[in-house]
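*Asks:* Chain by chain, the residues:
There are 4 protein chains.
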Amino acid sequence: MKIGFLGLGSMGQAIAANLLKSGHEVWVWNRSPEPAQKLVELGAHAAATPTQAFTADIVFSMLADDKALRAVLLDSGLLAQLKGPLIHVNLATIAVAFAEELAALHEAQGIDYIAAPVMGRPNVAATAQLNILVAGPEAAIDRVQPLLDLIGRKTWRLGDKASSANAMKLATNFLLVSAVQAMSEAAVLVTRHDLPSAALIDLVSTTIFTGPVYQGYGALIGERRYEPAAFKASLGLKDVDLILAAAADVSIQLPTADLIRANLLDAIAHGEGDKDLAVLAEVEEWRTLAAAGQTAPD
Amino acid sequence: MKIGFLGLGSMGQAIAANLLKSGHEVWVWNRSPEPAQKLVELGAHAAATPTQAFTADIVFSMLADDKALRAVLLDSGLLAQLKGPLIHVNLATIAVAFAEELAALHEAQGIDYIAAPVMGRPNVAATAQLNILVAGPEAAIDRVQPLLDLIGRKTWRLGDKASSANAMKLATNFLLVSAVQAMSEAAVLVTRHDLPSAALIDLVSTTIFTGPVYQGYGALIGERRYEPAAFKASLGLKDVDLILAAAADVSIQLPTADLIRANLLDAIAHGEGDKDLAVLAEVEEWRTLAAAGQTAPD
Amino acid sequence: MKIGFLGLGSMGQAIAANLLKSGHEVWVWNRSPEPAQKLVELGAHAAATPTQAFTADIVFSMLADDKALRAVLLDSGLLAQLKGPLIHVNLATIAVAFAEELAALHEAQGIDYIAAPVMGRPNVAATAQLNILVAGPEAAIDRVQPLLDLIGRKTWRLGDKASSANAMKLATNFLLVSAVQAMSEAAVLVTRHDLPSAALIDLVSTTIFTGPVYQGYGALIGERRYEPAAFKASLGLKDVDLILAAAADVSIQLPTADLIRANLLDAIAHGEGDKDLAVLAEVEEWRTLAAAGQTAPD
Amino acid sequence: MKIGFLGLGSMGQAIAANLLKSGHEVWVWNRSPEPAQKLVELGAHAAATPTQAFTADIVFSMLADDKALRAVLLDSGLLAQLKGPLIHVNLATIAVAFAEELAALHEAQGIDYIAAPVMGRPNVAATAQLNILVAGPEAAIDRVQPLLDLIGRKTWRLGDKASSANAMKLATNFLLVSAVQAMSEAAVLVTRHDLPSAALIDLVSTTIFTGPVYQGYGALIGERRYEPAAFKASLGLKDVDLILAAAADVSIQLPTADLIRANLLDAIAHGEGDKDLAVLAEVEEWRTLAAAGQTAPD
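Line by line, the protein sequences are chains P, D, V and Z. Counting along the first sequence from 1, when you hit position 100 you're at 99 in numbering that gives the first Met the number 0, and nothing is skipped either side. Counting along the second sequence from 1, when you hit position 292 you're at 291 in numbering that gives the first Met the number 0, and nothing is skipped either side. Counting along the third sequence from 1, when you hit position 28 you're at 27 in numbering that gives the first Met the number 0, and nothing is skipped either side. Counting along the fourth sequence from 1, when you hit position 270 you're at 269 in numbering that gives the first Met the number 0, and nothing is skipped either side.
Chain P with its partners taken away, still in its complex shape (with noise of 0.2 Å):
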């Protein structure tokens, strides 16, 4: 089978990786050409555009933004010069709505699309551990299942409208930032207190809050170090603008997001986009400080 791949930041390198490690033949294409490069000594075929990454029977993309994959994908015409069959497996955290238009514009051109965002990091990724969010029609998905096993650890089917997978895996998003917040807050009181945050961190992450996000963004809350960036805080803004976008599609609020939101503008705004998220619990504390009579450190 011939794979095409577009995309290859860190999570999109790491996948398409284990893809070819099973054998089959990988077409790969990105906007710089040396993350290309690497994958071609691994055994890829560097695909000069996307057009010809898209001459493949199932292509996977992992573009960066909405507005990257809309630039690649719409504004340069490729999709409307395509036709199944042909399967699309996009990666990528997109909007909702976005979603909709995608499945949307490439039904009309008699091709499978098919949402499956992933939950993991780089390293996550790199061992074959995620979490795939998939979503679009059914006999699609079940021809690439076996490849979704290529680099994950499961597959989590949520129906045959796109968009879906899309919404779901905003939602989690919104717990990990929530979940950041609430332990930004819980630190500044138990500091005001005269306990260290890392003492509450150890406490939680070992019995009612296991798991990898209170233990991850709790270990960089409890010792307040947030570079080198693991999830900048810039890009957990862009993540909260997506689940509010969601929101707004189908009326709703979520008055934490908005919260989160204006704390994410206010590290922005002084400097710290692009430290990592956990540097929501520094909005936390110069506001501790200010209460005090101080001003934030510069």
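In case anyone wonders, no lab produced these hints; they're calculated from the structure.
Which copy is meant is left open, because identical chains are indistinguishable; a pair holds if it fits in one copy or across any two.
In silico lysine to aspartate or glutamate, EDC-like type, Cα no more than 20 Å apart, as pairs:
(1) K66 with D248
(2) K160 with D193
(3) K153 with D201
(4) K1 with D56
(5) K237 with D248
(6) K20 with E40
(7) K237 with D65
(8) K231 with D273
(9) K237 with D64
(10) K231 with D64
(11) K20 with D56
(12) K20 with D148
Starting from the structure of chain P, add chains D, V and Z where the hints point.
*Replies:* Same frame as chain P, now just chains D, V and Z:
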């Protein structure tokens, strides 16, 4: 060693029973006599008054709330009549400021006051699997440690300032209610996108948010089943009030706690106070109905 | 000059009547015929269809909401059939994005589109004392100005981008609902401190907050009298949704608008949607009842 | 009649000067002596100590904050040495709970305590145009009324519970900061839609929101001019803290006050504490910059 035990609600009863099992002489007291009677059948001695229960080497208390403890111990004049050596281990979750007041009043009588709030529900208490947060005079804690080992799986020592244990406990409670609020918002997000919220809970509670909180409260939210209440919304409000008081004590804000309090008040105002804390999900649900021009069911 | 007028709700009727008084030939249309009939008795001509109302030099519209305007003007194909020279003056408060869409669509037909949302209730419209926010092609506004002078006390010119007038109108509406929300919170504060909220309103509305908003909505809050509604809570929600959409269009948050929306949804969920916007005060009142362990009255 | 006056900041000085004009014997005291000297030049007597100022029939105080008043009157032992008949008129905006404490302590000494917080800035005080909120023993207020008439335009009587006047004053302050916050949000809304915020302020402050607050703070926001501060952000925080304390006293929440406090803390954390309260507009502005990926100016 002679042990006193005041307050035999479902938590107190389970804990006292575990102390009894080890063969200690335990004198139990409760405002209403029935629960004491049950323990007497297991070998306890019934104390006729709180004063009698305090004629022991070590006294545990697990009274319903700050008000009950203040009535029994302070307003009655009991503490003012007591003299050390004596150790009082308060297992209840109380206000940080009240813990500080109690520590000072005990010290004035030459009595060791240990704050030892516990994490876990009655079923966890019954199997002696509580996590115990403990703070107070170190030597006294060393003496009590063998007893704590009889009732919990682990003791977390938090220094010699008793109120620290209460601050830490309230921080964990804050994280708990924040997780319930986050799941409540996430549930309406996926529901409005035509996905069952139970699918979201299943996904996250087996991947990134393992542990009992997301699993337990998540199940209630996923099934929209709030009765019988394991932990009533009205008690949740009491906890949030303690949390916010602990924050106000040190001039900080907890924006998520503020919004949760407002939602709990909404729930209670509309007759849901006796349902489980997870009913926070219905408050968000009401709003989504209203956004569609509908009213909440009676 | 021949004038068309579409939309004869209480506002539209009062405005059209003022145009009639000056002797202009006014062709009126309304979805239900009764209101048009009343104006015919005052000298207006009844237009059988929106199309007929648009066979004029200048057409005013004051339709109920974005949806109604979209149905009458766009979905019907009407605008696509029209040709300039023609001036369309839209008096309604509509979404900023929709105003931009309308401006572009009119321009494509060679028609001048003027946004002219008004400030004031029907009684203000009746006495031609409206404040009119106007934006659009300058020459067209110059031509329309004498008519605007017949219906308002002052025209506020906001440049040639029509949607600017809508953005400005929504900002004033935001200030209005914010003032109502602030009075609602202040009312529970003084009430709980055993002072009549009417005393607060009397104090501020004659000193630091003169003007009709604090006086008018304040009186309703002071008397806890929400019926008959001068401006329904459900319409308040519609306005807040337009405000938040205008904010989202430019990627900003309005935290006060977020919390007002949640409160309005609470009010509507519990059956208060047809009461006056001032019923926001009752939402705060419910919460204070709940904090005292009570439920809201049915 | 012999009058004492403690606290000669810009407000106290202006008020004391008006009492002097009427020919009364006024004994003035201030922590630093210079302001007293100015009044001595106008005919006042310099009191060497607070105690000497209290050897009068009626004593006014206008000290900087709760802490200053507590230091001068309570911690010093002064009040405990005083005996009635004597009337103490406290013009300052203090905490409701502190007012209750003061009323009880004065009553125990047989002294009439009148709370008389004032509305208005120093320039308003200078022209004797203050609005005076007054509560306390009725007969005492009757005796003081002629003096209040010398310093204000109107006295608002709020009953015999002194703290009521403070609760009412804090409610008006809450409405004031809420209006500033609302204008701050509205300003970014119109600015991002390419309209000058000054145009919005001009529009509303001459139509629906007349009165000094929208006009005065609106002008600062419209011009983004926050220095010199007429009312510092740090003092605004002090007021908001008093407001929230008054709310907590009666177990209520003021969600708008919560969000304003967070914004004030943001402003103070980032070095804007000495600028005018209107700098709240810049906090919203920072967020809009951050939403565009930019940082706030230093």
